[in-house]
Amino acid sequence: MIAVYFKGLMHTFPLFLKGLWVTILVSGVSLLAGTLLGVICGILRTVKKWGISKIMGFYADYMRGVPFLVHIFIIYFILPEVGIQLDPFPAATIALTIYAGAYISEIVAAGILSVPKGQWEAATAYGLNPFQRLRYVIFPQAIRVILPPLVGEYVLLVKDSSIVSVIGLTDVTRVGWLTVQRIPEGLMVFGLVGILYFVVCYPMIHLSHYLEEKVSYESH
Amino acid sequence: MIIFKNVNKWFGSLHVLKDINLHIHPGEVVVVCGPSGSGKSTLIRCINQLEPIQKGEIYVDGIQVNKRSTNLTKIRSEIGFVFQQFNLYPHLTVLENVVLSPIKVKKVPRKEAEENALRLLERVGIPDKANDYPSQLSGGQCQRVAIARGLAMNPKVMLFDEPTSALDPEMIKEVLDVMVELAQEGMTMIVVTHEMGFARQVADRVFFMDEGQIVESNTPDEFFDHPEHERTKEFLSKIITHN
Numbered sequence: 001m002i003a004v005y006f007k008g009l010m011h012t013f014p015l016f017l018k019g020l021w022v023t024i025l026v027s028g029v030s031l032l033a034g035t036l037l038g039v040i041c042g043i044l045r046t047v048k049k050w051g052i053s054k055i056m057g058f059y060a061d062y063m064r065g066v067p068f069l070v071h072i073f074i075i076y077f078i079l080p081e082v083g084i085q086l087d088p089f090p091a092a093t094i095a096l097t098i099y100a101g102a103y104i105s106e107i108v109a110a111g112i113l114s115v116p117k118g119q120w121e122a123a124t125a126y127g128l129n130p131f132q133r134l135r136y137v138i139f140p141q142a143i144r145v146i147l148p149p150l151v152g153e154y155v156l157l158v159k160d161s162s163i164v165s166v167i168g169l170t171d172v173t174r175v176g177w178l179t180v181q182r183i184p185e186g187l188m189v190f191g192l193v194g195i196l197y198f199v200v201c202y203p204m205i206h207l208s209h210y211l212e213e214k215v216s217y218e219s220h
Numbered sequence: 001m002i003i004f005k006n007v008n009k010w011f012g013s014l015h016v017l018k019d020i021n022l023h024i025h026p027g028e029v030v031v032v033c034g035p036s037g038s039g040k041s042t043l044i045r046c047i048n049q050l051e052p053i054q055k056g057e058i059y060v061d062g063i064q065v066n067k068r069s070t071n072l073t074k075i076r077s078e079i080g081f082v083f084q085q086f087n088l089y090p091h092l093t094v095l096e097n098v099v100l101s102p103i104k105v106k107k108v109p110r111k112e113a114e115e116n117a118l119r120l121l122e123r124v125g126i127p128d129k130a131n132d133y134p135s136q137l138s139g140g141q142c143q144r145v146a147i148a149r150g151l152a153m154n155p156k157v158m159l160f161d162e163p164t165s166a167l168d169p170e171m172i173k174e175v176l177d178v179m180v181e182l183a184q185e186g187m188t189m190i191v192v193t194h195e196m197g198f199a200r201q202v203a204d205r206v207f208f209m210d211e212g213q214i215v216e217s218n219t220p221d222e223f224f225d226h227p228e229h230e231r232t233k234e235f236l237s238k239i240i241t242h243n
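Those protein sequence lines, which keep their order, are chains A and B.
Okay, so the first sequence: first residue is 1 according to this note's numbering, each after it adds one.
Okay, so the second sequence: first residue is 1 according to this note's numbering, each after it adds one.
Because the hints were derived from the structure by calculation, they are not lab data.
Careful, some of the hints might be misleading.
[What the hints assert, rightly or not] Pairs of lysine to any residue residues, derived as SDA-like cross-links and limited to a Cα-Cα distance of at most 20 Å, are as follows: (1) B/106 to A/129; (2) B/238 to B/169; (3) A/49 to B/49; (4) A/117 to B/91.
[As the list claims (entries may be wrong)] Simulated restraints, written as ranges between beta carbons of each label pair: (5) A/215 to B/173: 32 to 40 Å; (6) A/36 to B/217: 53 to 61 Å; (7) A/36 to B/27: 20 to 28 Å.
[What the hints assert, rightly or not] Some chain B residues near chain A, calculated using beta-carbon distances under 10 Å: (8) 27; (9) 78; (10) 83; (11) 89; (12) 159.
Quick reminder that beta carbons are idealized off the backbone N, C-alpha and C, glycines included.
Model the full structure from these sequences, guided by the hints.
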């Protein structure tokens with residue numbers, strides 16, 4: 001029996017690869033957009049003027065306080081009530097972007113704040129404008145603190161993207177759900193799903209470890 | 001060159017500068033001393049507006065710095081500032097530390113900026129460290145790089161905020177030597193320091209600050225030999241016994 005199931009599973013393997021491609025696509029796009037959003041919000045988080053920092057803080061806290069599953073329901077099922085209809089792919093991408101952006105903004109802000117105050121003062125005293133201070137003095141130092149947890153956040157993003165299957169996006173998790181209905185061998189089917197996620201995430205985990213070590217050894 | 005008119009500054013409810021009036025002329029070397037918390041660092045940090053002031057006016061070379069319409073970036077690029085903790089950029093080499101602002105702020109071509117930087121490193125006595133990172137240097141060397149970084153902007157005035165306080169004793173002299181030379185070449189300098197030997201040797205005037213006010217201002221000889229105020233006498237007796 002197992003052999004038959006296994007054969008059937010191999011038969012549907014191209015579907016799994018297609019699903020994996022959707023997973024990579026949705027998390028890849030969200031990763032880029034989320035990083036952009038997170039960097040901008042992270043920088044704004046450090047602006048101690050006009051309550052900007054508070055607004056950014058609330059955004060991050062809101063995302064941390066609401067489960068991602070609920071967050072995606074809000075975007076996919078509740079927004080249409082107010083006239084905003086989204087297809088599963090854009091809905092999933094937007095949800096993941098906003099979600100990852102919040103966490104990334106925390107990482108970026110922590111990185112910027114880790115740079116000693118004297119560096120800001122020196123850059124200021126030597127006539128650099130606010131953009132140049134960030135670009136040439138603060139960011140190159142903050143990036144060492146930012147990179148390891150940032151890559152870690154990317155791993156989380158790939159894994160969290162499995163939740164978008166609930167709104168009907170045929171990612172690799174949903175391919176698993178669909179397959180298990182025909183091949184009732186859950187361990188085998190979701191074992192394969194797990195392996196596929198792992199194949200994507202494992203190199204990223206290693207990259208994160210590598211960056212962590214690199215940062216702690218380099219001391220200039 | 002630098003004029004303070006009724007300058008007042010508060011940190012919250014703490015009144016750190018009280019009605020400061022002063023006038024520093026081109027080429028003058030002024031040493032500011034006083035007990036910690038007297039406002040001496042704040043005084044010079046107000047000149048390039050690292051600290052904003054709440055009342056009064058500050059002019060640098062005829063331009064009021066504490067005004068919204070003033071181009072602070074331009075004024076700051078004409079004022080060299082040397083910090084107690086050096087504040088070199090740790091991710092850049094010595095040479096890059098020195099050329100960053102000339103290239104980015106003054107738009108000097110890289111080649112010209114680097115040639116000038118190498119000349120300055122020679123002048124402060126560390127031409128061979130150009131490609132090292134700050135973490136590879138001693139404190140005294142770091143501070144000399146910081147001075148070169150200030151000079152690279154071709155400033156009209158150099159401000160020093162306790163430049164030798166973070167140094168090991170055997171490194172103080174190498175930094176002071178550079179500063180003495182600079183003073184003798186006619187640079188306008190305001191130096192917050194307790195190095196009284198330096199003050200005697202090159203200062204034109206010595207200010208004594210206490211509780212946010214300039215209590216006494218005099219030539220070094222008068223200042224050290226015939227201090228007028230009780231607080232000055234008390235302060236001098238403390239640092240002289242210590243030395």
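Here's how the hints hold up against the structure:
no. : hint                       : result
1   : B/106 to A/129             : holds, 12 Å
2   : B/238 to B/169             : holds, 19 Å
3   : A/49 to B/49               : holds, 18 Å
4   : A/117 to B/91              : holds, 15 Å
5   : A/215 to B/173: 32 to 40 Å : holds, 37 Å
6   : A/36 to B/217: 53 to 61 Å  : holds, 55 Å
7   : A/36 to B/27: 20 to 28 Å   : violated, 52 Å
8   : 27                         : violated, 22 Å
9   : 78                         : holds, 8 Å
10  : 83                         : holds, 6 Å
11  : 89                         : holds, 6 Å
12  : 159                        : holds, 8 Å
Hints 7, 8, counting from the list given before, are not met by this structure.
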